[in-house]
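S.K.: Protein sequences appear in the order of chains A and B. Mapped onto our numbering, the consecutive letters of the first sequence carry residue numbers -19 to 420. Mapped onto our numbering, the consecutive letters of the second sequence carry residue numbers -19 to 420.
There's no promise every hint is true.
Cβ-to-Cβ under 8 Å is the rule here; a few derived chain B residues that face chain A [to be verified]: (1) A16; (2) T214; (3) V241; (4) D244; (5) Q248; (6) T357; (7) L364; (8) R367; (9) V369; (10) Y403; (11) G407.
Derived CB-CB ranges, DEER-like [claimed, not checked]: (12) B/E42 / A/R1: 51 to 59 Å; (13) B/G91 / A/S344: 40 to 48 Å; (14) B/G202 / A/E324: 46 to 54 Å; (15) A/E324 / B/H82: 41 to 49 Å; (16) B/A5 / A/G71: 46 to 54 Å; (17) A/D88 / B/G202: 36 to 44 Å; (18) A/T(-7) / B/S263: 20 to 28 Å; (19) B/A346 / A/G12: 14 to 22 Å; (20) A/A5 / B/A346: 29 to 37 Å; (21) B/A(-5) / A/G408: 54 to 62 Å; (22) A/V211 / B/S101: 48 to 56 Å.
Everything labelled a hint here was simulated from the structure, so no lab data went into it. Note that the structure is a prediction, hence the values are computed from the model and not measured. Note that beta-carbon positions come from the ideal geometry of N, C-alpha and C, so glycine has one too.
Number of protein chains: 2
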Amino acid sequence: MSEPTVRDTAGDTAAVRAAVRESAAAGRRAAGPLAALSRAERDAALEVIADALLDHADTVLEANRQDVASAPDLRPRDTDAVLDRLRLDAGQIAEMAATMRHVATLPDPIGENTRSTVLPSGLDVQRIRVPLGVVAFVHEGRPNATVDAAALCLKSGNAVLLRGSSVARRTDTALISVIRDALATTAVPVDAVQRVPGTTRASVRELMTATGLIDLLIPRGGTDLIRTVRVGATVPVIENGIGNCHVYVDEHADPAMALSVLLDAKTQRPSTCNAAESLLVHSRIADAFLPDALAALRALGVTVHGDPHVRSYDDTVVPATEEDWATEYLSLDLSAAVVDSLDEAAAHIRRYGSGHTEAIVTDSPAHARHFASAVDTAVIAVNLSTRCVDGAEMGLGAEIGISTQKLHARGPMGTKALTTTTYVLTGGGHVRGTPPAPPS
Amino acid sequence: MSEPTVRDTAGDTAAVRAAVRESAAAGRRAAGPLAALSRAERDAALEVIADALLDHADTVLEANRQDVASAPDLRPRDTDAVLDRLRLDAGQIAEMAATMRHVATLPDPIGENTRSTVLPSGLDVQRIRVPLGVVAFVHEGRPNATVDAAALCLKSGNAVLLRGSSVARRTDTALISVIRDALATTAVPVDAVQRVPGTTRASVRELMTATGLIDLLIPRGGTDLIRTVRVGATVPVIENGIGNCHVYVDEHADPAMALSVLLDAKTQRPSTCNAAESLLVHSRIADAFLPDALAALRALGVTVHGDPHVRSYDDTVVPATEEDWATEYLSLDLSAAVVDSLDEAAAHIRRYGSGHTEAIVTDSPAHARHFASAVDTAVIAVNLSTRCVDGAEMGLGAEIGISTQKLHARGPMGTKALTTTTYVLTGGGHVRGTPPAPPS
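Pulled out of the complex, with its shape left as it was, chain A reads as follows (with noise of 0.2 Å):
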């Protein structure tokens, strides 16, 4: 196995901060080597892998049994999401080699030309996109973002380190060995893929201030993980998967589609950012959806935490606290409230969302587009389900995550979001001056 055999220790600061450092160091070294790869070597490489996960599915599914048997106790309301995020079976592990496969087959991003003109000056000016060089992937503890994120990265012609959670430490270690057991077969660097060593926040420090060996830091994960980088970072960061997610109902929503949106948004996958966290129902349309739309939400275990409005409809909906309306549930929880304007629904979210992804049930292409401009968002989401906001159901093949900050990427990230470009100017002797006079 190649796996680094650091001790893994939360005692051991100082030794793990050496080693993410290293392993830093390790990537940075193996991204050079790696940007000078064709397509073909990078996708030969992806379907190695593919291949390598079948070869060791029982391996890797031994790991993740003993992960979640060991799952630590947790608050009773997070363990559905984070059992939901971590069991791994066999249709999920070739499920993994199928997105590799897949992510091979997508364009090359890299060599883009995104810009190309000759100025009148005679300047032949072109803008190609290059790897970022080494990208740090903090997650959550679900494993197929471990294989998605190797997946992208390599396609992106960039070495990433990959940290997850404690709770699947088992489970990535066994995945990252596959992988890198892999590429020694390939002529990808082995250290273009590392698992960063280390579970605590130590090594999230540490990577979070690795100038100059780190180009990209996706943190996704929870609200304190993602306050924790944005305080402390000297790395450029993209912000990931924090999903307060909004339905809104619109007083000219169609009542039947927008129960089928509400009920998918919220129970089809509650653990997910993008599932719907809050419901929003316009005063006019309350009396003919509101009392359906709890009987259902109630059938399907989900617990409403309403404004009394939502209440006078429903007496097992349970009050809603100013708490309520900033929290990612990430459960069969849902907080509901009564506006009297589409203006009122966008003002509560531009207060309370976290500019992930924000629903409209309407029929009015007008109410829909001033939705749209009054709520600052990654993505609108019109007449469909918030659970529909995904990179590979957008075609994008996978994502690294869903960015909920505007630089660079916002919204679903795939490869090109792992890209940066350099302008290449080439002239004959271009000067911005006239010549200077002569030597004497």
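Once you have looked at the hints, place chain B on chain A.
M.R.: For chain B alone, kept in the frame of chain A given last:
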């Protein structure tokens, strides 16, 4: 005059910080109405500002004369650069007005559809370019940077907070007052352009941490400013304008072209970030190139800080220290070394360069390509002066700076660098899962 009347003293830190935060909040309030304006309304405002700059040129020039007269004592080495950046004349005011009018003619970046597709599921996917919101620009006391930033931000529908150097305080105050008085007669909210109160580091610290109020902070200035922002910022940042730019004279260079490029890059305007600071010469061309080059540099007043090989040609060359290789002089100083290979040159640049602009003079396209792939930088300049790397020169209309980071924008930043995108997905009640069973 619309300029806020906050006291501008270093002593009153808490008041300055509160005032900065109120400016940011006012920018946020202006951003919504500004984003909703049409292209015609934004362009008309730029024209009104151009007229106002010409009408009030005398006021601005008088303020500038006072700034120049009272420029504080500076380290002698810095004086020329600071005064060169600071000093204005009537021709430069006319250029500012011309820039406003030129930016008005540029294509509108807002509303551009950057992705438009209908997925096999029937889901309609549009990605629309939108303003970032509120941009804060901290710069080094070059008054035309104030005007360029205002032009580019208004064109791209962003509110802007401008924070120049204390050296240019009166000039900036006059310029921004002219702009705000002009805006008062247009559809653009006056608070779309604000001078940040305070000229001490406290005001920068407040900008850096105004999460939720500022969407992008652009620091353009010295290494100290960039480091302070990198460590302390919690808002998104694009680092700008540190240019330790190299000119590498390849063994296959035309010596005459190399000399012309070098002299322009070093001496045409030494105070700018795209001036050359370091010369690398292949050992095979050193005898043919360096004696003439060193004589020409000396005749133009350039102090060369050389390695022993360079010093062997000319005893006026002073010994280069380790610090010299890493220094952005912004003056008539140049570090110089002889290297034995293109790879040695690239390794030197990777070690000491700032990722801004790296030039190679060569007749070999293969060497140019190798240089481009071995050096990790925003701009590769093949056979041209580094001074030609400039947004205006490259057809962007103007630039708010030259990004030396890899995310979002790399190289000269024009209007598109001041935008983000929103995905607008439109479905017909699309859901991710099988519809749940109807409620019992």
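S.K.: Looking back at the hints listed earlier, which ones does the structure fail to meet?
M.R.: Numbers 13, 18, 22, in rising order.
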